[in-house]
Amino acid sequence: MKRSGPLFTLFAGLVLALFMLSVNATTGTGSSSYSDSSSDSSDPSGTAGPAGPAASPTTSAPGKRPSPTRTPSPAPTKKPPADGRYTGRTDDDSASVAITLRAGGAVAYFCDGRATESWLKGDVEDDGSMRLTGRHGAKLDGRLAPDNGSIRGTVEIREKSWAFTAPKAEKPSGVYRATAEARGERLDGGWIVQPDGSQVGILNRDGEPAEAPRLDPATGTVVLGDGGRLTARPVVP
Amino acid sequence: MTVDPNAPTQGGFPVPPGAGGPRRPHPARYLLPALVAAAVAVGLGAYGQVHDPEGTAFNLAGFSSTGAVKSWLGTTALGFALLQVVSALMVYGRLPGPSWSAALHRWSGRIAFLVAVPVAVHCLYALGYQTYSTRVLWHSFLGCFFFGAFSAKMLLLRSERLPGRLLPVVGGLVFAVLTVVWLTSALWFFRTFGVTR
Chain F
1 MKRSGPLFTL FAGLVLALFM LSVNATTGTG SSSYSDSSSD SSDPSGTAGP
51 AGPAASPTTS APGKRPSPTR TPSPAPTKKP PADGRYTGRT DDDSASVAIT
101 LRAGGAVAYF CDGRATESWL KGDVEDDGSM RLTGRHGAKL DGRLAPDNGS
151 IRGTVEIREK SWAFTAPKAE KPSGVYRATA EARGERLDGG WIVQPDGSQV
201 GILNRDGEPA EAPRLDPATG TVVLGDGGRL TARPVVP
Chain L
238 MTVDPNAPTQ GGFPVPPGAG GPRRPHPARY LLPALVAAAV AVGLGAYGQV
288 HDPEGTAFNL AGFSSTGAVK SWLGTTALGF ALLQVVSALM VYGRLPGPSW
338 SAALHRWSGR IAFLVAVPVA VHCLYALGYQ TYSTRVLWHS FLGCFFFGAF
388 SAKMLLLRSE RLPGRLLPVV GGLVFAVLTV VWLTSALWFF RTFGVTR
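First to last, the protein sequences are chains F and L.
If you're matching positions, the first sequence starts at 1 in this note's numbering and goes up one per residue.
If you're matching positions, the second sequence starts at 238 in this note's numbering and goes up one per residue.
Chain F with its partners taken away, still in its complex shape (with noise of 0.2 Å):
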């Protein structure tokens, strides 16, 4: 006769790794809504824009999260504005301001490299105008100019406001983002690429913001100071 106790134990453990695995893929989407970047490999953000083959650095994304779907509302005439990204500056110069427009959702990303920073989304009305809101009651309101070449608008982050300019630009600018959670520490970095290839960028450890170390557009890669590699993905809503 056979004995069966250690096909009980595979089985026990098998049934608890697949019992953590669906705890944490139900919960791990409601805890970091703005993470949850999907893979940028299918972004169709040349719909509306100059039809260049933009090179196209695509960061290698293997296993594809599927991404919350957003349904766009189905409104038979109007449609919600093409889809892009769009970098600039505030209009003091003291930080950068990325938005990306998709399926009518935004996600903006307010930087000044050193520690002031915001994630921001909201939806993205017919006539071009948003109003986005984040963390800790940050706001941006913008308005899409009719051309669709440029996002002006205003930011308000505790108590202090900014206006900027963000134009319309191509892969590899745009905003990115890297969470990961690696020896024992948290870490969630934001960068803006800009289309002259500056660059700014946060990175939290543990919630403590510092100045990011440079990311490589083209990989979205980050080498971090200690030897550790972050991989940071193009955010879309």
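I should point out that these hints are in silico values taken from the structure, not numbers from a laboratory.
A couple of the hints might just be wrong.
To be verified - Beta-carbon label-pair distances, calculated as ranges:
(1) L:V432 <-> F:G197: 42 to 50 Å
(2) F:V223 <-> L:E397: 19 to 27 Å
(3) F:E211 <-> L:L269: 49 to 57 Å
(4) L:V432 <-> F:T219: 34 to 42 Å
Unchecked claim - Residues of chain L clear of chain F, computed beta-carbon distances all greater than 12 Å:
(5) P264
(6) M327
(7) V328
(8) L361
(9) V373
(10) L392
(11) S396
(12) G409
(13) A413
(14) T416
Since the structure is predicted, the reported quantities are computational estimates derived from the model, not experimental observations.
Ideal Cβ placement from N, Cα and C applies to all residues, glycine included.
Starting from the known structure of chain F, fit chain L onto it as the hints suggest.
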């Protein structure tokens, strides 16, 4: 032949002494454990490699970070694994032990395994198979290897008339691998961040 509990083994610890006895009636019966072991190890590694690391996952109340949770769970698993070695020596008569040492061996092994599973799930789900340093490379590789070797050990237990040294050798291998996995993760974590963090 069945395992003779009083058969002399080399040394007090199951060191690989040229595995496999001289008689192996049906070599094919090693095939299933070996195949399952390879499938588990490669499957875990492939999942960790292909799957996008999520960065975060569950946490337990009372711990400062998932790193601390995993380190303590891993340390618990290693503690039960040490008990495994001791109780195995009792089963084989190398140490004086109570009559329930076999049950002790079975249940301490089950607990060690079930405690290690959540750690592996978190590793593979949140961090993935990584190679950015020697420590991390070995940890990733041996972590996957461990679960393959453990599966093989469990399946081998179902076979009868094994060569006398095979189970101690495989068991010792599983223990050795778990030890290295612990050294490259939990011990590193405690040394880097401290035990109390």
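These are the hints, each one checked on the structure:
At about 45 Å, the CB distance of V432 (chain L) to G197 (chain F) agrees with the hint of 42 to 50 Å. Between V223 (chain F) and E397 (chain L), the C-beta spacing of about 54 Å breaks the proposed range 19 to 27 Å. Range check, E211 (chain F) to L269 (chain L): Cβ separation about 55 Å, and the 49 to 57 Å hint holds. Between V432 (chain L) and T219 (chain F) the C-beta distance comes to about 37 Å, which sits within the given range of 34 to 42 Å.
Every beta carbon of chain F lies more than 12 Å from that of P264 (chain L), the smallest distance being close to 18 Å; the non-interface claim holds. Against the 12 Å criterion, M327 (chain L) stays outside the reach of chain F, whose nearest CB is about 18 Å from its own CB. Distance check on V328 (chain L): its Cβ is at least 14 Å (rounded) from any Cβ of chain F, clearing the 12 Å threshold; non-interface status holds. With a least CB separation of 9 Å from chain F, L361 (chain L) falls inside the 12 Å interface cut-off, contrary to its annotation.
Separation of V373 (chain L) from chain F is inadequate, the least Cβ-Cβ distance of about 9 Å not exceeding the 12 Å criterion. A cut-off of 12 Å between C-beta atoms contradicts the statement that L392 (chain L) is not in contact with chain F; the least separation is 7 Å. Annotated as non-interface, S396 (chain L) brings its C-beta within 12 Å of a C-beta of chain F; the closest such distance is 8 Å. A cut-off of 12 Å between C-beta atoms confirms that G409 (chain L) is not in contact with chain F; the least separation is 17 Å.
At roughly 20 Å, the least C-beta separation between A413 (chain L) and chain F is larger than 12 Å, which holds for a residue marked as non-interface. No Cβ of chain F comes within 12 Å of the Cβ of T416 (chain L); the nearest lies about 19 Å off, and the non-interface call holds.
In summary, the numbered hints that this structure violates are 2, 8, 9, 10 and 11.
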